[in-house]
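J.: Given these sequences and hints, build the entire structure.
The lines below spell out each chain.
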Amino acid sequence: DAKTTQPPSMDCAEGRAANLPCNHSTISGNEYVYWYRQIHSQGPQYIIHGLKNNETNEMASLIITEDRKSSTLILPHATLRDTAVYYCIVRGRTQGGSEKLVFGKGTKLTVNP
Amino acid sequence: DTAVSQTPKYLVTQMGNDKSIKCEQNLGHDTMYWYKQDSKKFLKIMFSYNNKELIINETVPNRFSPKSPDKAHLNLHINSLELGDSAVYFCASSQGVRGPNEKLFFGSGTQLSVL
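Line order of the protein sequences matches chains P and G. Residue 1180 in the working numbering is what sits at position 107 of the first sequence, and the numbering runs on without skipping anything. Residue 198 in the working numbering is what sits at position 115 of the second sequence, and the numbering runs on without skipping anything.
Any given hint could turn out to be false.
[Said to hold, decoys possible] Label pairs and their calculated CB-CB ranges:
hint	chain 1	residue 1	chain 2	residue 2	range
1	G	GLY179	P	ASN1130	35 to 45 angstroms
2	P	LEU1124	G	ASP101	38 to 48 angstroms
3	P	LYS1142	G	GLU136	42 to 52 angstroms
4	P	PRO1186	G	SER191	22 to 32 angstroms
5	P	THR1138	G	ASN145	37 to 47 angstroms
I should point out that these hints are in silico values taken from the structure, not numbers from a laboratory. By construction, the Cβ of each residue, glycine as well, lies at the ideal position given by its N, Cα and C atoms.
T.: What follows is the structure, given as C-alpha cells:
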C-alpha cells in the first residue's frame, strides 16, 4: 500500500548529478516525504525528508513541487558507493492509527565508472 | 559502536523450530521496530514498540512474538517456523513515533533461512 511511484531503475555516470523522481499525487497536507536508501546487504539508511520547502543536507537535496504531488532527490556528485535502491516514502498510518513508514519498490540506482 | 545491532546475522533452521533474533540500540531512542524484507525485496513493518509498549502490530501471525525488556532492546521470537518465514529481518529505532523528525536507524539485518 505504498503511496509513491518511482521508476524501477536508473543509471548515472560517476561524478554527475543523479536526479531520482518520485510521484506522490495523493499526499495529504500534513504528510512528509522521506527518502531512504538501501545499499546491497545493508539496512536502509535515512537520507533526507521534507514537507513543502526544498531541503539540503550533506548527503543530498530534496526538491518538492509546489503542489507537493512529486519530488526529486538529487545526489549532486554521484560516486560508486551511491549505488543502491532509493526509496521515496510518504509517511502513512497503520490500521490502528499509528504512523508508519511504508516502503515501496524503490529505484535501483546504478552509478557507472 | 554500532547504533542498532542485531544478532545473529545469519540464521539457518528447520521447519517447526523456535528461534529468536535480538536487537539492541544505543541511541537512547524511545521507539523500536521490526521490519521484514522478503525475497522480492519488499520491506514491510511488522511491529513497533514505544517505551516498551506495543503500538504497531501489522497483522503478523501470532507465531511472531516481540518482547521489549527495556526501551533499548526489542527481541523477536518466532515459534513453529515455516518456509514462508524465510526473509531478512531488520530492526530499527527512532527518537519518537509521530514527530516530523522520525528518522529510522536500521540494523544490518538477520537473514533467516527455514529449510
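J.: Work down the list of hints and note, for each, if the structure agrees.
T.: Taking the hints in turn, this is what the structure says about them:
The hinted window of 35 to 45 angstroms between GLY179/G and ASN1130/P is violated, with their beta carbons roughly 20 angstroms apart. Hint check: LEU1124/P to ASP101/G, Cβ distance near 44 angstroms, so the stated range 38 to 48 angstroms holds. For the hinted restraint 42 to 52 angstroms between LYS1142/P and GLU136/G, the CB-CB distance of approximately 36 angstroms leaves it violated. Restraint check, PRO1186/P to SER191/G: a C-beta distance of roughly 26 angstroms satisfies the suggested window 22 to 32 angstroms.
The hint said 37 to 47 angstroms for the Cβ distance between THR1138/P and ASN145/G, and at roughly 43 angstroms that hint holds.
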